[in-house]
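There are 2 protein chains.
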Amino acid sequence: MRQGGEADTPGALRTTRIPLLAATPCVPGGFAPKSFVGEVVPFSVVAFREGHDIIGVQLRLTSPTGDVSLHRLSARADGTDTWSTSVALDEKGTWQFRFEAFSDDFATWAHAAELKVAAGVDVPVMGALGAEILTRAAAEKDRPAAERKRLLADAAALNNGDGETTLALSTDPELAKIFHNRPLITLHSATAEHSLNVERVAAGVGSWYEFFPRSEGAKRRKDGSVKGGTFRTAMKRLPEVAAMGFDVVYLVPVHPIGTTNRKGRNNTLTTEPGDPGSPYAIGAPEGGHDAIHPDLGTPQDFRAFVRAAEKEGLEVALDLALQASPDHPWVDTHPEWFTTLPDGTIAYAENPPKKYQDIYPLNFDNDPAGIYAEMLRVVQYWVSQGVKIFRVDNPHTKPLQFWEWLIATVNAADPDVIFLAEAFTRPAVMRALAAVGFQQSYSYFTWRNSKAELEEFLTTVSHDTADYMRPNLFVNTHDILTEYLQFGGRAAYRIRACIAATAGPIYGVYAGYELFENVARPGSEENIDNEKYEYKFRNWREAEEQGDSLAPLLRELNAIRAAHPALRQLRNFSAHWSDDDAVLVYSKHLAAPFTGTGTADTIIVVANVDPHSVRETTVHLDTTQWGIPLGDTFEVEDLLTGAVWTWGEHNYVRLDAFAEPVHILKVKEQS
Amino acid sequence: MRQGGEADTPGALRTTRIPLLAATPCVPGGFAPKSFVGEVVPFSVVAFREGHDIIGVQLRLTSPTGDVSLHRLSARADGTDTWSTSVALDEKGTWQFRFEAFSDDFATWAHAAELKVAAGVDVPVMGALGAEILTRAAAEKDRPAAERKRLLADAAALNNGDGETTLALSTDPELAKIFHNRPLITLHSATAEHSLNVERVAAGVGSWYEFFPRSEGAKRRKDGSVKGGTFRTAMKRLPEVAAMGFDVVYLVPVHPIGTTNRKGRNNTLTTEPGDPGSPYAIGAPEGGHDAIHPDLGTPQDFRAFVRAAEKEGLEVALDLALQASPDHPWVDTHPEWFTTLPDGTIAYAENPPKKYQDIYPLNFDNDPAGIYAEMLRVVQYWVSQGVKIFRVDNPHTKPLQFWEWLIATVNAADPDVIFLAEAFTRPAVMRALAAVGFQQSYSYFTWRNSKAELEEFLTTVSHDTADYMRPNLFVNTHDILTEYLQFGGRAAYRIRACIAATAGPIYGVYAGYELFENVARPGSEENIDNEKYEYKFRNWREAEEQGDSLAPLLRELNAIRAAHPALRQLRNFSAHWSDDDAVLVYSKHLAAPFTGTGTADTIIVVANVDPHSVRETTVHLDTTQWGIPLGDTFEVEDLLTGAVWTWGEHNYVRLDAFAEPVHILKVKEQS
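Each protein sequence line maps, in turn, to chains Y and L. For the first sequence, position 588 matches number 588 in our numbering, and the numbering has no gaps at all. For the second sequence, position 605 matches number 605 in our numbering, and the numbering has no gaps at all.
The shape of chain Y in the complex, shown without the other chains (with noise of 0.2 Å):
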């Protein structure tokens, strides 16, 4: 671990001879941070030296086709001996980097010498020392013979001339900016290499779509009886989904269901004839998570589902559910992937006493070699089949390591394929998915409703896990139909809506979101009649043209999110305050150089979460975060009312939940 420069003394040290400490971006457990295509990431470190003397901090990225570039990273005012700088990773793939710091023996001569200097103490000595480290600069071979020719003319100005002279150096922009530009390097230390894995961008942005093929083009026949729909039939919808703006079009099972204890509506016991029963009961005899259901088509219908999506900018993202019905060909081919029990039955999924009688779950200890090959298979066919996203279910019910294996090796093959892990349970769990691969992940974003939750779950998610942890934020599932949505009336959809498509760069909608679906099952938190165990039969068009959809706020939140690279951004989230409890602010920010337009990219949002009241509040920005001075005032548009106003530091605002909830600005003119 020594460095150059170093004293040959005995033993291995961790510190360089200038502490290089918490480097960012960095995983909980060693795993390797993520980021995506476009993404700004900060890069951070604790650099400190000895006594006053003042020292640089670079960043050296290796990019995956083995570029190297050079950050500048500067110090924050803050007393924390932290270092950072943004870089936006333009290329797919395993990154490197380190930090490096260096002893800047100019900055430091400078800096004493303006003060010196004026207050004349060692007035000819600080000429000589500024004489020598610039004598020195123009030694170093790799400086352009012009910068060598100006640096010697200095150094001699320096060792002839006066304290006039040698202040007028010391204070010389010009010559700050040539070390600034190649600093000279002394005292050189350097942290290991990292790695950083940067995906694709559908890894980090999106919005997504979820619905069940089967009930599109659903139709009840004379005698009660429903056709259900197919690919053929589901594809008509795929056009409007596009029109609506989405990226991913996500289905739930598409395999054969099992019959054997197939549960009936709202997850009874008992079915009655036509209950197509769950999507999650995989396997029948027609085949298993490699097969189709016959009900929905044949794998050339997939494949031209699949096809159909493409040309309509829609990526199609399937559901791995790894279990089984009783039905499943595993079942007789692999018992030993199953548990047996001393009776020879197999043990069904339970969570004592209570049973699942139409699930068999899979167990990855009998036969670890043969069961990560079947699973590796399956989703490897998908992929043949034109599937590069895969929604997960339950991975928390499975071993971590599976998933660490499972997702390494496929992405090996093909580092385009993206899981979604599908896990609500305890954050350590949650966090160790993500951490093992999970390239995104469901969060707590549904259960997170008062402006103070939403502010702290943002907050979290946007910052401090956000180097291996990507929140989908689904704004409901066929799942989860939440108090506040079931309470809220149609207000809480728009609002709910507005704050997951502009907080976070992935959002989800399931089906029927639009349509303000609110019942619940009595007592649950999902809809009653579950779209799990029956066809639902929904019309889109007149929901719309009878203005009782959301499709058109929907079209609208897409525009803007397309339109904005500021939130197409995870890490840029920032809370601001207002003095209401119910009015949460925040903004997402992207600076001039990364937005490709040559200026910022600047929104602000303030949503009443409230959605049973109008709010009138005062809203207090730091604008100083998108470089606008506190006290200057600016323009804002609306984006989804076009109203244009004057704002700055302190604003007041208005919020109805029963007209407008939301305001989405966008900053103006900003230079």
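Check the hints yourself; a few may be wrong.
Since the list can't tell identical chains apart, any single copy or any two copies may satisfy a pair.
Stated by the list, open to error - Here are the computed lysine to any residue pairs in the SDA-like style, where the Cα-Cα straight-line distance is at most 25 Å:
#1 355 with 123
#2 354 with 124
#3 222 with 233
#4 355 with 51
#5 355 with 111
#6 354 with 120
#7 536 with 292
Hints listed in this document are in silico derivations from the structure and should not be mistaken for laboratory results.
Following the hints, position chain L against chain Y.
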């Protein structure tokens, strides 16, 4: 990283079959955590597995002499998946520890059997499952024969029995105990081995007393000149220091003092005849860092002083101030250990444009090998003279790397040598010094005076950084006389002493504190007529006779510390609530297994930190931390006054700053 029993799958995985994450104790940056003999160390790890099966977690400790012990961890009930236990480490040296997790098949079965049999579900299967587990356990060769016999008998009963038998055995405490003591282990998983350095008690526990030997026994002659104290006269003070109950006497530097640019009284640039100079301006023709100031005596006198201290139960700590006066022998023999300016002169210490003309700082970069070796030689010389504790002056002005090397090198030869870092600087630097090896650290304690500040400070140093940083809570130093002491009157001195002596296991006092010396040099934060630049004449006995001394309180405090093992721990600080924002409440609790007496030791400190008022308020205690149910009452005895009260969860207190500002309460008759 793969553990036994795992799949033969490709790649090396970071996670084990049962994940074990965030093991503590640990130090940021990967340095080894530290402890001291007798310290009760909390060990914790995040562990969980997929699904509902129960896991067990244990700590495998290997002592420096190779003894292995196993300690079961308990899950904290707060949804964090954190498992913890506490172990008192009783042997000096480097311990190894690792965490192990396993599937606790017996506990999983017992839990399920109890619920399912009661619900009438799977009754025969649960009996057969239990029989299988007990049979498997009985086959383990390391179980005692009697235990194996009992397990087989129970297994037979389960196989042949009914639900009642199964229910009885699944809830049988004896059977549970067998498996708790020797669990049936499957899916065994383990972390890597971690190191933990256990140092001698004095590294973590002690009360320190600082004094200037030249002042002890100093006499003013008739002509006004001074005959300074010597080791022989200072020696006479040792019995009094020992009688006050201190463990360590710390001496400011005892080396020859330079005359060039010697500082006069109150840090003036000119001296009067007889001014002794700052002991930090080390080095004169008589010698440098390995020499004794001739005014203090000879090396023989110094050794006699060390022996006299030993006889009183006191250990001598020396100051290690690595800098030189212009008259230091190094200046001639090793000019390369200093910085030479272009004009040929050696650079003084400075903070531009200020200069410190009596001090040359060392330059560690011109000849690192040479200067490292010389510093090591100096330390080893004093170790050979019987000194094993060094108070290191301004370590943050020397390379961090140097300290990492020096402390490791010294401790490799003699692990009993202790270094105290006197670094009053930014948090990252202070923490890094502790992390690289300093056994003790000065802290911000002197500047934490309000209740809120003290609560936050003491909680942080007792928990967040306790794996590597041990604060020595000095109440004052020869350089620090805070405004709180300057303007808080005698109450301030009492309050600070009580808190310092009870809140942490190491604290210190600089001589003169007993005499309430509270006059500062105007505008500064240090005593007027700083002892660094002159002799002090103090009449300890007269002050005490007149009731003008804090010595009686210090005696009591040190006696209380000696009698109460709970006060000799760092990590057991716990803040409690009071309704008054000047009344600080905390407890120090040591559970019965760790006290050596068989009963728990619990101290409650209630301090009015406003030295100018009387405060009446209610104190609210979380007694459950000490195993006392909320609402129960218990007796407390004030160890300062002998008063006895009946206390409980809510307690009235009245603390008069001018009479009795602090209660130090012992919880009596705690079972």
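Here is what the structure says about each hint:
{"no.": "1", "hint": "355 with 123", "in the structure": "between (87 Å within a copy, 14 Å between copies)"}
{"no.": "2", "hint": "354 with 124", "in the structure": "between (88 Å within a copy, 17 Å between copies)"}
{"no.": "3", "hint": "222 with 233", "in the structure": "within (19 Å within a copy, 114 Å between copies)"}
{"no.": "4", "hint": "355 with 51", "in the structure": "between (67 Å within a copy, 14 Å between copies)"}
{"no.": "5", "hint": "355 with 111", "in the structure": "between (74 Å within a copy, 15 Å between copies)"}
{"no.": "6", "hint": "354 with 120", "in the structure": "between (86 Å within a copy, 11 Å between copies)"}
{"no.": "7", "hint": "536 with 292", "in the structure": "within (20 Å within a copy, 94 Å between copies)"}
Consistency note: the structure conflicts with none of the earlier hints.
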